[in-house]
Structures are given as structure tokens and as C-alpha cells.
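Start from the sequences, fold in the hints, and give me the full structure.
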Amino acid sequence: MEDVVLIRRPEIALEDFLPIFLSSSFVLIFGLFFVAIYTLVKMGKLKNMYMPFAYIFWGLQTYCMYFFAAKIQSNPFTIKVLMVTMVCYLILPHLYYYLNFRSEERYEQ
Amino acid sequence: MVNNLQFESKRLAIKYFIVAAILFGAQLLMGLIAAIQFLVPGFLFEVFDFNVARMVHINALVVWMLYAMIGSVYYLLPDETEIETVGIKLGNLAFYILTAAVTVVVLVYILVQVGPASEFTIWFINEGREYIEAPRWADIGIVVVVLVFVFNLFATAIKGKQTGIVTVLMADVLALAGLYLAGMFFTDNISVDQYWWWWVIHLWVEATWEVFVGCLAAYGLIKIIGARREIVEMWLWIEVTMLFGSGILGLGHHYFWIGTPEYWWEIGALFSALEPVPLVAMFVHVIYDWGKETGLKEGSEEKTMNNSPAFAWFVTNAFGNFLGAGVWGFFHTLPQVNIYTHGTQFTSAHGHLAFFGAYATILIGMFYLGVQGKNGIKVLKATFASKMAISLITIGVLGMTVSLTIAGYGQVLVERAQMGATWQAYFVSQSLPWFVQGLGWRLAMGVVTFIGFVFLVKDLLTTSKSLRHIH
Numbered sequence: 001m002e003d004v005v006l007i008r009r010p011e012i013a014l015e016d017f018l019p020i021f022l023s024s025s026f027v028l029i030f031g032l033f034f035v036a037i038y039t040l041v042k043m044g045k046l047k048n049m050y051m052p053f054a055y056i057f058w059g060l061q062t063y064c065m066y067f068f069a070a071k072i073q074s075n076p077f078t079i080k081v082l083m084v085t086m087v088c089y090l091i092l093p094h095l096y097y098y099l100n101f102r103s104e105e106r107y108e109q
Numbered sequence: 001m002v003n004n005l006q007f008e009s010k011r012l013a014i015k016y017f018i019v020a021a022i023l024f025g026a027q028l029l030m031g032l033i034a035a036i037q038f039l040v041p042g043f044l045f046e047v048f049d050f051n052v053a054r055m056v057h058i059n060a061l062v063v064w065m066l067y068a069m070i071g072s073v074y075y076l077l078p079d080e081t082e083i084e085t086v087g088i089k090l091g092n093l094a095f096y097i098l099t100a101a102v103t104v105v106v107l108v109y110i111l112v113q114v115g116p117a118s119e120f121t122i123w124f125i126n127e128g129r130e131y132i133e134a135p136r137w138a139d140i141g142i143v144v145v146v147l148v149f150v151f152n153l154f155a156t157a158i159k160g161k162q163t164g165i166v167t168v169l170m171a172d173v174l175a176l177a178g179l180y181l182a183g184m185f186f187t188d189n190i191s192v193d194q195y196w197w198w199w200v201i202h203l204w205v206e207a208t209w210e211v212f213v214g215c216l217a218a219y220g221l222i223k224i225i226g227a228r229r230e231i232v233e234m235w236l237w238i239e240v241t242m243l244f245g246s247g248i249l250g251l252g253h254h255y256f257w258i259g260t261p262e263y264w265w266e267i268g269a270l271f272s273a274l275e276p277v278p279l280v281a282m283f284v285h286v287i288y289d290w291g292k293e294t295g296l297k298e299g300s301e302e303k304t305m306n307n308s309p310a311f312a313w314f315v316t317n318a319f320g321n322f323l324g325a326g327v328w329g330f331f332h333t334l335p336q337v338n339i340y341t342h343g344t345q346f347t348s349a350h351g352h353l354a355f356f357g358a359y360a361t362i363l364i365g366m367f368y369l370g371v372q373g374k375n376g377i378k379v380l381k382a383t384f385a386s387k388m389a390i391s392l393i394t395i396g397v398l399g400m401t402v403s404l405t406i407a408g409y410g411q412v413l414v415e416r417a418q419m420g421a422t423w424q425a426y427f428v429s430q431s432l433p434w435f436v437q438g439l440g441w442r443l444a445m446g447v448v449t450f451i452g453f454v455f456l457v458k459d460l461l462t463t464s465k466s467l468r469h470i471h
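Protein chains in written order, with the UniProt record's numbering: chain E, 1 to 109; chain Y, 1 to 471.
Okay, the calculated bits of chain E under chain Y, using three or more residues with CB under 8 angstroms as the criterion:
1) 11-17
2) 22-28
3) 31-39
4) 68-80
Keeping only pairs whose Cα atoms sit at most 30 angstroms apart, straight-line, the calculated DSSO-like set for lysine-lysine is:
5) Lys-381(Y) <-> Lys-45(E)
6) Lys-223(Y) <-> Lys-378(Y)
7) Lys-45(E) <-> Lys-223(Y)
8) Lys-42(E) <-> Lys-223(Y)
9) Lys-89(Y) <-> Lys-15(Y)
Keep in mind that the hints were calculated from the coordinates and are not lab data. Think of the CB as a built atom: it goes at the ideal place given N, C-alpha and C, for glycine as much as any other residue.
This is how it looks when you write it as C-alpha cells:
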């Protein structure tokens, strides 16, 4: 007899649905706030003192991502990869604006 | 009315835009009929059933967007390549053939509706494949017409100037046209069949169409606010890389339903999570470019925006793309959640906002660029009708999305989680007060959207006569 391959389906508790929908939405919304505030500060439209709020939103986003991944029962490896992705997301705007300012300096010269 | 367009390619684009706008109206009318049928199941029973209204609603959406996309390429080609489109006569012929074919197909959908479920039905009535139900003769015809379009784009780009926008378009349109072939053959195994079919719509909307929108956004920003080409094209290339990567692998989040190996859950989940990143980047790029360009031109007499309605639609695109494709996509499509949400009103909520936010908005923006070019308007300002159009259509679609999300939430909890997706569960959830009231609000918001569409048509047709425009 052939081995039967079973795929385990995650069971989500009824009370977890709303937190899952909300936390996953907040992953994106907080992520947007992070880059939006970071961008506005870099453009000079907001003062430098607002920059910590950008990082607070990144922190909230990362927490929501972890919470959400745990609630949908992602496997431990995926959760680790998602956290590494969040670190990359933190670095990305820094890298972009660094390259952008350097290229603009060269362009203006 | 005087046509100020110097290039035949742009004149052809206007024809595509006109048919696209007509099909957009047909899509909304069919949506209203289907929305009424949800609440009053006997409405037009056995005359124009729900399955037909829904099919025409969805197909009209796909086809009007393809029309507007082809029109947009014909519109921007002379600007980018600095020459007339090669093979423009062939392009015109293809336009009339495509329009005749679409008319016949829609009439068959509406008047004939069903066939004997044999080869005859597949060839002459419909293929029964959601979103791309065209009968096989039309399927083959569409391929021929699209090949003409692809040839025109490539031949023109090779002969004329090759900007970054045109180069990305060439790669993207080739993929867009090629993917259509994946939905044209049948296999006996329904899972295998669905596997291939999903490629068409999902790689279209999650990869090729998104890149296409990136090209239009880049072109629009240059045309409307004079953004620097170096900046928008740099972003375009980054978006291409990210969207092809996240779009293709993120597609794995759908594979849960078609019997592919379990590792696709995790690959699909991870890359789905990355899919919104290019969308966020696109949004940031719009703010950043706008801020930089207005900043550079401060104090000068030069107008920094020459088409306010188009710019308003482009900005709506940045928000709508993020909300519809991003937020509404992310919270319900990961496999672990999608097992409960698949095929509920959640899907419908996501579909409505994503198609509108990511695609309809920017294509309507292109309509305005077409009107500006055709009427020779240097600075096109917003009118009362254009403000009403964007406000009512956006509020209408957002309202529909929220209503459907509420209906879907009730459905997920009762039909799927509590009652285990049985036949009885389906009917119980259909009578939930949240579900019924949600669909009632969806209908009301659909009417708001349609009124907005009427304002849009009025504005597009009368904009050159308005005294508020500065020529």
C-alpha cells in the first residue's frame, strides 16, 4: 500500500480571526507610515525631531508581523525569514536615500 | 471637433480609450444587475441570470482594461520613441477586428448565454474559464490582434529612440501576451487545468499589469509634473525587479487550492508578504518626486502641473494600489487564512478595490491625458464634473469594499469556521443580517459609483468647452 501524504491544515480559533485581519492590515499600514515619515523628513517637509516616530512605526510593524505569523501558525523557519525581511525593510530606505543623495551630488557637479 | 493630435498612433489611442470607456460603463451596469440579484434572487430570473450578469461584469472589466492599456501604449509611443508607430495601418485594422469580435462575443453572452456543453459551446459560446470566458474563435483572434500590437511596439521601439519606459514595456508586453497562451488549452485533470489558468489572470495582475502601471506612472509623472526621467526610470527598474520576483513567487499563495506541494505555502506566504513593498515604494516615489520637483521650481513662473484631473487619478492610484492590492490582498490571501476566506465576499472586496485602485485609476488618468492631447489644452484644470467623478467613484468603490468586507467577515466566521463549509453552512451565512445588510450597502455604493461614472463621461466629453481651462 502506498504511503498516504497528509497535509496538515492549520485550525484558527474563532476569536483569532479578527486579530489576524487587523494585525496583517497594520503590517502594511505601519510600514507605510515608517517610509512616509522617513521620506518627509529626508525631503525637509518634516523636522528631524519626527524621525523617531518613523522607527516607532517600524517597531510596531515588526511586532504585528510576528504576531500575525504566529497566529496563522507559520512554521518557525518562515517566521525567522520574515523577521530578517523586516530588518531589510528597516535598512532599505536608508540605502535608497544614501544612493539617491550621492547620485544627485554627482549629477549637480 | 478639432483633433490636435499630430501622430496617427495617438489618434488610434483615442479610439481605444473610447471603447474602453464604453465597456467600463457596461461593466458597471452588469455589476448593478448582479448586486440587485444578490438581494432579490428573482430579479430577471431566466431572462438574465446572475451567472451571466457576473460573467459579463468581470469580462467587461478585463477587456476594458486591456483596451485602455493598448491605447495607453499607442498614446505614449510617439512621445517616447519620437517617431510615428510602425505598422499603424495594421494597428488600425486590428482595432476594428478586435472591436467587432468583442461586440459579437458580448452579444452572444447576453442573447445566447448557454450552449449544449460540447465542443460547439467551447468554440462559439464560452469556454467557461472565469475572467477569460471568450469562445475559442475569439481566443485565437485575440492572440492575433495582440501579436499585431506587440509587433508594432517592438518595431517602433527598435526604429525609434529607446527610453527606459519603452524598454520595460517591451519586456512586459511580451510576458503579458505570452501568458495568455497558458489559458488556452485544456487538460482532463481539473487541478492541472486550474494551475495553468491561474497563471493568466494572476501573473497578469500580480506581475505584468503592475509593471505596466509602473511604466504609465513613470510616463505620467514626466508629462504631468515634469519629473526627472532619471529618477522615475530608476524606480521603474527597481519595481520591475521586485514585482517580477515577488509577483511570480507570491503567486504560490494561490497554489494551496490546486494540489501543489506544501512548500508552496511558505514560499507563497513569504513572497506575498513582500508583494506590497514595491507598491509602498511606488507611493513614496510619487510623494518624493512631487516634493522635489515643486521644490526645484519654487519661485518660478513655470506651471508645475499641467493636468490636474490626471494627476488626481494618478495619486489615487498610489493610494488605491496600496490599499486594494496591498492591505486587502495581504490580510486574506495567505494560505493559512485563505482556506477560510477563499470564495467569500472577502475575495470580492479585495477584487473590487484592487482592480479599481491599482488599474482603473491610472487608466482613467490616461484618458485625461488623451483628452488633453486631443483638444490641445496646455494646462488642464479640474472642473466640477471631474471632481465629482473622482470623489463619487472613489467613495463608491471604497464603500463597496467595506460593505463586502463586513459581509465576508460574517461569512468566514459562520459559513467556514463555525459550520465547516457545508452546503447548509452556505445558506445559513447567506441569510445573516451582516451579510444581507452588507450587500445592501454594496448596491447603494454601486449606484454612487455609477453616478460618478456619468460625471466622468460628461467631463471627458465636454472638457474642451469649459472656460476654466487655460489654453
